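Participant: The chain contents come next:
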Amino acid sequence: MTARLGHYRPLAIAALLLVCVAGTQAWVDVYRPAVNDEAGVPFTGAAVIVRSFAGQIRGLLADFLWLRVDEYAHRRRLVDGDLNRADDAALLPLVRLITWLNPHYVEAYALGGQWLAFHFGRPGDAVTFYNEGIRNNPQAADLLTGVAFVQWRLLHDNKAAAARVEQAANLTGDDMVRFQALWLEAHILLDGGDRTGAIRVWRRVAAMPGYRQTAEHFLAQIARGGAVPAAPGTPRP
Amino acid sequence: MQPAISVHDLAKRYRSVQRSDRAALLGLTLDVPPGEIYGFLGPNGAGKTTTIKLLLGLIRPTGGGGTVLGHPLGSVEARRRVGFLPESPYFYEYLRGDELLHYYGSLFGLADRVRRQRVDTLLRLVGLWDQRRLSVRKYSRGMLQRLGLAQALVNDPDLVILDEPAGGLDPIGRREMRDILLGLRERGKTVFLSSHILAEVETVCDRVAILNRGELVVVGRIGDLLAGGREMELTIHGANGSLARHIEAIPGATIHHGTDATVVVVPEQRFVYPIIDLVRETGGQIVSLGAKRERLEDVFVKLVGAREDGTARSDGGGT
Amino acid sequence: MIASPVLVVARQVMREAWRRRTLPVLALFGCGIIIASAFLSFFQLGTEIKFFKDVAIAVIFLFGAMATLVLVSTQLSGEIESRTIYNVLSKPIRRYELVLGKFAGSVVAIGIAVAPMVGILMFFMYVDQGGSLLEAAKAGYMLWLSFVVLSAVALAIASFSSSIVCAALSVLVYVASYLKSAVIAYAGMVTYSRLAAGAAQTFYYLLPNFENFNVRMAVVHDQVVPWAYLFRTTLYAAALSAFFLYLGTQIFQEREF
Chain A
1 MTARLGHYRP LAIAALLLVC VAGTQAWVDV YRPAVNDEAG VPFTGAAVIV
51 RSFAGQIRGL LADFLWLRVD EYAHRRRLVD GDLNRADDAA LLPLVRLITW
101 LNPHYVEAYA LGGQWLAFHF GRPGDAVTFY NEGIRNNPQA ADLLTGVAFV
151 QWRLLHDNKA AAARVEQAAN LTGDDMVRFQ ALWLEAHILL DGGDRTGAIR
201 VWRRVAAMPG YRQTAEHFLA QIARGGAVPA APGTPRP
Chain B
238 MQPAISVHDL AKRYRSVQRS DRAALLGLTL DVPPGEIYGF LGPNGAGKTT
288 TIKLLLGLIR PTGGGGTVLG HPLGSVEARR RVGFLPESPY FYEYLRGDEL
338 LHYYGSLFGL ADRVRRQRVD TLLRLVGLWD QRRLSVRKYS RGMLQRLGLA
388 QALVNDPDLV ILDEPAGGLD PIGRREMRDI LLGLRERGKT VFLSSHILAE
438 VETVCDRVAI LNRGELVVVG RIGDLLAGGR EMELTIHGAN GSLARHIEAI
488 PGATIHHGTD ATVVVVPEQR FVYPIIDLVR ETGGQIVSLG AKRERLEDVF
538 VKLVGAREDG TARSDGGGT
Chain C
557 MIASPVLVVA RQVMREAWRR RTLPVLALFG CGIIIASAFL SFFQLGTEIK
607 FFKDVAIAVI FLFGAMATLV LVSTQLSGEI ESRTIYNVLS KPIRRYELVL
657 GKFAGSVVAI GIAVAPMVGI LMFFMYVDQG GSLLEAAKAG YMLWLSFVVL
707 SAVALAIASF SSSIVCAALS VLVYVASYLK SAVIAYAGMV TYSRLAAGAA
757 QTFYYLLPNF ENFNVRMAVV HDQVVPWAYL FRTTLYAAAL SAFFLYLGTQ
807 IFQEREF
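Chains as they are written, first to last, in the numbering used here: chain A, 1 to 237; chain B, 238 to 556; chain C, 557 to 813.
Derived by calculation from the structure, the hints in this document are not laboratory data.
Note that the structure is a prediction, hence the values are computed from the model and not measured.
All C-beta atoms, glycine included, are put in the ideal place defined by N, C-alpha and C.
Hints are not guaranteed to be accurate.
[Unchecked claim] What follows is a list of derived Cβ distance ranges for each label pair:
1) A:D174 with C:T758: 48 to 54 Å
2) C:S688 with B:V254: 54 to 60 Å
3) A:P93 with C:P672: 35 to 41 Å
4) A:T214 with C:L690: 43 to 49 Å
5) A:P10 with B:P309: 54 to 60 Å
6) A:A26 with B:G264: 53 to 59 Å
7) B:G542 with C:S718: 37 to 43 Å
8) C:A671 with B:R415: 15 to 21 Å
9) C:T758 with A:P10: 19 to 25 Å
10) B:G264 with C:A798: 17 to 23 Å
11) C:S718 with B:D258: 21 to 27 Å
12) B:G379 with C:L690: 54 to 60 Å
13) C:P782 with A:I13: 30 to 36 Å
14) C:S688 with A:T196: 47 to 53 Å
[Claimed, not checked] Chain B is nowhere near these chain C residues, computed Cβ spacing over 12 Å in every case:
15) A592
16) K606
17) I641
18) S646
19) G657
20) Y697
21) Y734
22) P782
23) E812
[Stated by the list, open to error] Using 20 Å as the maximum straight-line C-alpha spacing, the simulated EDC-like pairs for lysine to aspartate or glutamate come out as follows:
24) C:K606 with A:D29
25) C:K606 with A:E71
26) C:K736 with A:D29
27) C:K606 with A:D70
28) B:K529 with B:E505
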């Protein structure tokens, strides 16, 4: 009997060690979100597969792909003089890969959203792409203003666009950037016929140190019934 | 006194998926008395290396068992007091000669001071003192063999197991090896020696066991194994044709004509006297006369050849 | 002083790693690439340090893994193939002591090889004021932990295979550990069975998860890796290494030479 039990001892020890492995893995998983900045990202199956193959060097791969995208984009601009070409479609898969490998690559989301909306005439896809970027990077003001511009200019959804810009304005701690976001919001609201909303926004600007005079100027213009020009620095295609 | 090595019905069968099972050792029973140089002989594939590996625990027996210095085969306690020189030893090429000995000495748990002294002594003993700082990669075949012997002795073992210790050594090296082995015996050590060089075995061994196809063919003292029969050997100068005719008429006699002498072997002493008379009559000269002593090689070939032919096993006179 | 056989073998492994030059050469190459990348300036303004950190972490990961595989896959298998195993196992050393000694020596040697690369990363981060040096050291430690586990895996494989097969299978296990997330995702895509989901979860818990040791963002995004996470992952690495070492010693125990 003892001999028979002894025969199974190695198996028992191996099983015990496996239990320890599983247990410590579960223990690590409790803390993993604290160190895994990609924990809450709902990757698609394809994204998981690509990320799995890239392993620990996926960050570096994303960087190299971005260099390629950036190089190509600037070469087209400098050499060909025109970035508005439909055959930039070749770069879309690269952008998609970059965001799979590193969902915090804000520049890739911004560029991809812009291309989809203004080069390929796919504003719906652009908003979806932007929204994915915003979900993975809720603090990225660039993406919020970017999607707002698409919703406003291409989809004519002023209400949604204004809401996004409002989010961007609440994020940033920089007064200049907040001012530009609020200016854009006011413009979008006014363009959509919401004069009340526009006035409310300008009053918020007036409360910001150093911007009272500017805000009062535009409030006066609204009162006179004039249109308010777009804020400087508003993203353009 | 407890045997240095004691095995009973020791067997090893190698299992193979592609071919049928191969029996390397079939029930070996052997006792090696302590303080002797014990020769372990056999043709290629007889099972000698298999036996040695079983003693050291490098492989496991499929039958039987035994002890080495009173401890189970392959046990750590046994290996602590055993030194082993494998056939054609391989060592870490990136180490120097002295470093290698220090490494193996450390595995025996030797204290630093003891280990240092012993390494220096052994390097001098095997004639590698001047090459001790050379990388093992640069050692010749003979130097590797000497280094192998040194590492086998680093723990001052009670039992030394040597597999083909003279391999790669020149005649001077072989003589030095022989002197070392004899020195070990004088100090009460047991040497278990497996070798193909029967002349060397005959010179140093007290006892031999001969293995063939996994089975023990004969075991016994050298003296007993070589204690030949009643044959007589005569060496003659100036033999002529009449002598040759006379010899041919004797059943079982042989005659060999050399450059300077003729060697005649007759089966019994009674045939010697007529030959002496004939040589005197023909003006020849008897150079030497005596009982014909067999060499180990003769015994070996006879026994192994007999087994190959399927004839009965010869009893060499017991252990 | 009388050292245990494990320590004796470990020292020997470290000496071999140095004398054979493989680890020093790999470490030198890795350091060279990291230093070179610090001086490349073709990327966008403001992201140089981020790019450099990504490169450095990737180089440490790649060269460390390569050094681990090269060193460990030749330890047991190499001894058997070169027949030096006879000399070692005829000495009073237990087989599990030999395996543990090989493991201990390997992980220390790999740590020594990886340390300069981590040091260079920390140096440039200090010069560029590009983040916390402590977090960089933690990331280096975590990478070393992943090499420790990889060493245990490779030794377990080496207990029954040749050097080349050991290296190949170790790479396979390493890649498979990253791919298991893909397998689980794929299983989730193609089937809604609870049994399949349970099997996938079991798969997840029992196979090595090298992603646990990936704290790249600690360096790149200047985030903090909690000490508690470091402690838990260390225990995970210890459990996983113990499992594979146990497996390896059991297989090696039964092996005949």
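Participant: Each hint: holds or not?
Facilitator: Now for the hints, and whether the structure bears them out:
no.	hint	in the structure
1	A:D174 with C:T758: 48 to 54 Å	holds (50 Å)
2	C:S688 with B:V254: 54 to 60 Å	holds (58 Å)
3	A:P93 with C:P672: 35 to 41 Å	holds (38 Å)
4	A:T214 with C:L690: 43 to 49 Å	holds (45 Å)
5	A:P10 with B:P309: 54 to 60 Å	violated (21 Å)
6	A:A26 with B:G264: 53 to 59 Å	holds (55 Å)
7	B:G542 with C:S718: 37 to 43 Å	holds (40 Å)
8	C:A671 with B:R415: 15 to 21 Å	violated (53 Å)
9	C:T758 with A:P10: 19 to 25 Å	holds (21 Å)
10	B:G264 with C:A798: 17 to 23 Å	violated (42 Å)
11	C:S718 with B:D258: 21 to 27 Å	holds (24 Å)
12	B:G379 with C:L690: 54 to 60 Å	holds (58 Å)
13	C:P782 with A:I13: 30 to 36 Å	holds (32 Å)
14	C:S688 with A:T196: 47 to 53 Å	holds (48 Å)
15	A592	holds (31 Å)
16	K606	holds (42 Å)
17	I641	violated (8 Å)
18	S646	violated (4 Å)
19	G657	violated (10 Å)
20	Y697	holds (30 Å)
21	Y734	holds (35 Å)
22	P782	holds (42 Å)
23	E812	violated (4 Å)
24	C:K606 with A:D29	violated (27 Å)
25	C:K606 with A:E71	holds (18 Å)
26	C:K736 with A:D29	holds (16 Å)
27	C:K606 with A:D70	holds (16 Å)
28	B:K529 with B:E505	holds (10 Å)
This entry does not satisfy hints 5, 8, 10, 17, 18, 19, 23, 24, going by the numbered hints stated previously.
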